[in-house]
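Kindly produce the complete structure, drawing on both the sequences and the hints.
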Amino acid sequence: MAMSYWYKNVLPFSAMVAIECSNVGIYIVFKAATLKGLSYYVFVFYSFAIATLVLLPLVFIFPKTTGLPTFKLSLLYRIFLLGLIGFVDQLCGYRGIEYSSPTLASAVSNLTPAFTFILAVIFRFRSFLIH
1 MAMSYWYKNV
11 LPFSAMVAIE
21 CSNVGIYIVF
31 KAATLKGLSY
41 YVFVFYSFAI
51 ATLVLLPLVF
61 IFPKTTGLPT
71 FKLSLLYRIF
81 LLGLIGFVDQ
91 LCGYRGIEYS
101 SPTLASAVSN
111 LTPAFTFILA
121 VIFRFRSFLI
131 H
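Start counting the sequence shown at 1; every next residue gets the next number (UniProt numbering).
Under the rule of at most 20 Å between Cα atoms (straight-line distance), these lysine to aspartate or glutamate pairs were calculated in the DMTMM-like manner:
(1) K31 / E98
(2) K31 / D89
(3) K36 / E98
Restraint-style ranges between C-beta atoms, simulated for each label pair:
(4) V29 / A114: 22 to 28 Å
(5) G37 / S4: 50 to 56 Å
(6) M16 / L119: 17 to 23 Å
(7) L35 / T112: 23 to 29 Å
For the record, the hints were derived by calculation from the structure and aren't laboratory data. Computed from a predicted model, the values in this text were never measured in an experiment. Glycine included, every Cβ here is placed at the ideal spot set by N, Cα and C.
What follows is the structure, encoded as structure tokens:
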């Protein structure tokens, strides 16, 4: 019973707090690095390189037991598009931090779930009934 409570309540909350703290830390490091003259293109490249070095070994440590989907050209396009969207998102976000403060970036990043819900309602992924 205690492990079930841990996995359902404590672990997700702890993960969200850790991710928010790491985001704030990254914003502060970025602002300090750009004030010393580091280009935000270089910072984005380094962040992608570090993420690759951290996540790539996990594929070999925790192998997936189920089969992977067949590798088709459409799957390659989707992977490329997802990477491109993430890259452009980071470039735009860090460019905005360069003109403002890490505090503003942290506050705006907390609005992401609200924007996601609004877009889901607009594109009819979620229904919203007003009584």
